[in-house]
Amino acid sequence: MTRTMTDPVWDGSEQASHNGELVHAVEAGALRREQVTELGAVLAGEAEGRRSDDEITTFDSTGLAIQDLAIALAALERVDELDLPMIEL
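The opening residue of the sequence shown carries number 10 in my numbering; numbering runs sequentially from there.
Think of the hints as simulated: they come from the structure by calculation, not from any bench. Just so you know, these numbers come straight off a predicted model, no measurement behind them. Just so you know, not all the hints are guaranteed correct.
What follows is a set of in silico ranges between Cβ atoms, one per label pair, in the way DEER data are often shown [unchecked claim]:
#, residue 1, residue 2, range
1, A74, A50, 17 to 27 Å
2, R42, E97, 38 to 48 Å
3, A53, E30, 21 to 31 Å
Positions of the beta carbon are idealized from the N, C-alpha and C atoms, including for glycine.
Modelling step: build the complete structure from the supplied sequences, incorporating the hints.
Now the structure itself:
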């Protein structure tokens, strides 16, 4: 199976452009800021995320708490269909 990478996603361009891993790719000229989609835009339906199961999303999370909570809630709402690993606490 061949997988393709979608444009990278980060959780906030202002914060990620100073602290995230993708900033190094931007500084090296391997990636343009315009190629990176903000997670909030994908969650709000304003930007396209993955279009198929064959696509891989690269996500640079720099720790915006509200978006971390949104990701956790989305995963919990779909736990039965995502087949996520469970950790006993």
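*Could you work out which earlier hints the structure fails to respect and list their numbers in ascending sequence?*
Structure breaks no hint.
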